[in-house]
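Chains as they are written, first to last, in the working numbering: chain A, 1 to 387; chain B, 1 to 387.
If you are wondering where the hints come from, they were derived from the structure by calculation, not from laboratory data.
One or more of the hints may lead you astray.
Pairwise CB distance ranges (calculated) [unchecked claim]: (1) B:79 / A:324: 53 to 61 Å; (2) B:251 / A:121: 16 to 24 Å; (3) A:241 / B:75: 26 to 34 Å; (4) A:378 / B:79: 48 to 56 Å.
Away from chain A, derived, C-beta distances all over 10 Å, residues of chain B [said to hold, decoys possible]: (5) 142; (6) 192; (7) 276; (8) 365.
All residues carry an ideal CB built from backbone N, CA and C; glycine is no exception.
2 protein chains.
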Amino acid sequence: MSDDLPPNPALLPAGLRDLLPPDAETEALSVEQLMAVFASHGYERVKPPLLEFEDSLLSGSGAAVAEQTFRLMDPSTRRMMGLRPDMTPQVARIAATRLINASRPLRLSYAGACIQVQGGTLVADRQISQAGIELIGPDQPEADAEVIAVASQALASLGLTRVSFDLTLPQLAPMLIEEAGIPAAHRPELMRALDRKNAAEVSHHGGALAPLLNELLLAAGPAARALQVLQAASLTPAARLLVDRLEASVAAILARAPGLRLTIDPIEFRGWRYHTGLCVTVYAPGRHEELGRGGRYLSGGDEPACGLTLRPEALLRAAPGRAARPRVLLPPDVDATLAQSLRQAGYATVASLSPHAELAAEAVRLGCSHVLRGGEAVAVVPSSSGD
Amino acid sequence: MSDDLPPNPALLPAGLRDLLPPDAETEALSVEQLMAVFASHGYERVKPPLLEFEDSLLSGSGAAVAEQTFRLMDPSTRRMMGLRPDMTPQVARIAATRLINASRPLRLSYAGACIQVQGGTLVADRQISQAGIELIGPDQPEADAEVIAVASQALASLGLTRVSFDLTLPQLAPMLIEEAGIPAAHRPELMRALDRKNAAEVSHHGGALAPLLNELLLAAGPAARALQVLQAASLTPAARLLVDRLEASVAAILARAPGLRLTIDPIEFRGWRYHTGLCVTVYAPGRHEELGRGGRYLSGGDEPACGLTLRPEALLRAAPGRAARPRVLLPPDVDATLAQSLRQAGYATVASLSPHAELAAEAVRLGCSHVLRGGEAVAVVPSSSGD
């Protein structure tokens with residue numbers, strides 16, 4: 001390779017890509033479908049900007065994603081701005097400033113692109129779409145339940161009806177370790193062992209706490225069984241409060257969304273950075289990829305809030321495909337009213353800019369499924385022998 | 001003011017702002033409405049990333065917007081990336097690379113946010129939404145006409161039926177000045193005089209060309225009259241070719257979209273930087289703000305193309321308002337099927353998370369228009385005397 005070769009203009013930076021037809025339309029329509037379900041449950045849309053001053057973007061819950069934030073200097077103020085890596089802290093900022101006087105519960109929704117400095121290990125994307133809701137004000141099991149039930153309905157509207165919601169309490173393991181007085185020097189290895197769900201290593205590093213931790217590790221699974229284990233476990237009062245709240249939230253979720261697939265992984269904590277209570281990860285059946293995640297946090301530093309953010313790129317991979325829109329090639333002298341009625345009937349009309357002797361062949365060349373003949377759209381069949 | 005005061009988290013950099021309810025939803029629904037009209041005419045959506053390597057983002061037609069581009073270093077490759085200030089060069093890149101083998105005419109649509117280093121004089125926004133189409137391949141008047149006709153239908157779908165399309169030939173004035181041999185030292189002042197439409201200054205700096213230039217300045221206005229002046233004017237052969245093509249495009253536009261409000265400003269050139277033929281600016285009636293602009297250019301350096309980009313923020317200001325969605329407050333024990341039927345009927349349902357003795361008062365507090373009573377949504381009237 002020579003340095004003199006011009007760079008390949010088709011080459012995009014790692015983790016950034018072009019969505020081509022039909023994926024770009026499918027993604028956009030899916031996002032609007034999610035937003036329509038959110039709106040039908042009273043969630044009102046906000047649209048924060050792609051860039052903000054670094055100190056507002058990274059304050060509060062935004063601090064957790066500081067190292068994933070690209071920074072730029074604003075030439076007019078010489079202050080640093082950041083490209084948002086996550087929209088939830090922006091929505092929390094709006095709730096705590098411009099909408100501080102709006103009635104609570106405040107229900108907000110949002111959709112947009114975020115940019116992260118580095119892609120993940122499973123998915124390398126650095127530009128990430130988000131579509132989510134935040135329920136700001138109430139700190140009740142019914143609020144947790146609403147967010148999960150509304151997200152579940154939004155996913156169902158895309159044909160994703162068999163998703164599972166995996167609940168977790170990211171504070172539980174650190175709290176047990178703190179309260180058991182595990183020496184600080186042992187904690188990183190113990191946390192790593194818990195993260196890897198390695199029972200032998202947990203036994204090795206967990207001291208007197210090891211039996212309980214391994215019991216909780218084994219509890220991971222369907223919600224009813226996990227709750228039984230948690231109820232029977234010997235917990236400190238503070239841990240018991242967390243578990244009681246989890247139980248109340250599960251009851252509220254099942255009251256609002258009977259039949260939802262709920263699992264609990266009580267000591268999962270990885271990736272939860274600014275959350276203060278129940279958290280949830282959404283998975284498609286049989287897939288390892290997350291469709292979304294969310295949980296309880298403090299908006300503006302002190303206001304209870306709970307939200308869930310879906311990942312449209314992951315939904316695009318998991319959701320059933322959409323039927324392609326039929327395309328009909330029109331001759332140049334087509335009647336405008338007829339063309340309009342075809343569009344209203346769901347066709348994409350493709351205008352010929354010049355007359356063609358063989359309109360059907362031209363339709364095939366242009367990827368049209370239909371051609372206009374005798375005032376009607378007639379399906380064309382691609383010739384297998386060429387012309 | 002003290003340096004010790006924490007920065008106001010509500011403060012956003014100049015030209016960047018939060019869209020709040022209901023504007024954020026109105027803008028998003030408007031964009032999807034435009035995209036649906038584009039799709040119904042066979043334009044297929046692409047979604048390029050927000051960031052690209054600088055050398056691909058700023059090559060070709062992108063060079064014209066280089067000084068409006070924020071740059072960032074990609075930490076993994078140490079190469080510079082740019083935040084897109086305009087999507088058209090990205091769509092041209094896709095047409096010239098990933099879609100180089102797709103059949104022509106290639107019809108592409110796109111919608112997304114762009115970031116510019118500096119806001120404009122009329123509108124200070126630095127984050128700009130775009131929604132547009134590009135028709136790549138054909139170099140015919142019918143292609144110019146299609147782009148304008150489809151944009152006009154898209155605007156009409158938002159209730160913007162009385163917009164005007166102002167056509168211009170940004171090459172005409174520079175060509176006449178070049179061919180007339182106006183000394184290079186006089187050209188900047190002459191161009192400035194033309195830009196300001198100052199006939200006295202044009203006479204002063206235009207030499208033997210001044211009468212023709214002032215004739216063309218006066219020609220600006222409704223298309224039919226402007227074309228008469230252009231036909232009668234004494235033009236060089238190259239300029240005559242440009243004008244003949246303009247005339248053919250006007251005929252094709254009116255054939256495809258009879259009744260469209262067309263004006264011509266034959267020597268307007270400002271702001272057209274990578275265009276090679278007919279250009280157009282879209283204005284709402286009685287407003288100075290542009291709703292969009294577009295024109296003919298070379299995609300990938302050598303392929304004829306014509307496009308038009310609408311500005312959703314400007315459409316939001318110009319389009320008639322949408323009716324607010326009715327919101328109904330539901331009691332906590334509402335029947336799920338009833339709630340679902342209300343959403344299907346177009347209501348946003350707002351769930352009470354706890355019982356309320358005065359559901360109607362709570363509905364008013366939450367900005368709901370309706371409350372559920374006897375299984376039906378009943379309008380609530382805000383009390384004027386408080387409670």
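> What are the numbers of the hints that this structure violates, sorted from low to high?
Replying inline: Result: hints 1, 2, 3, 5, 8 break, sorted rising.
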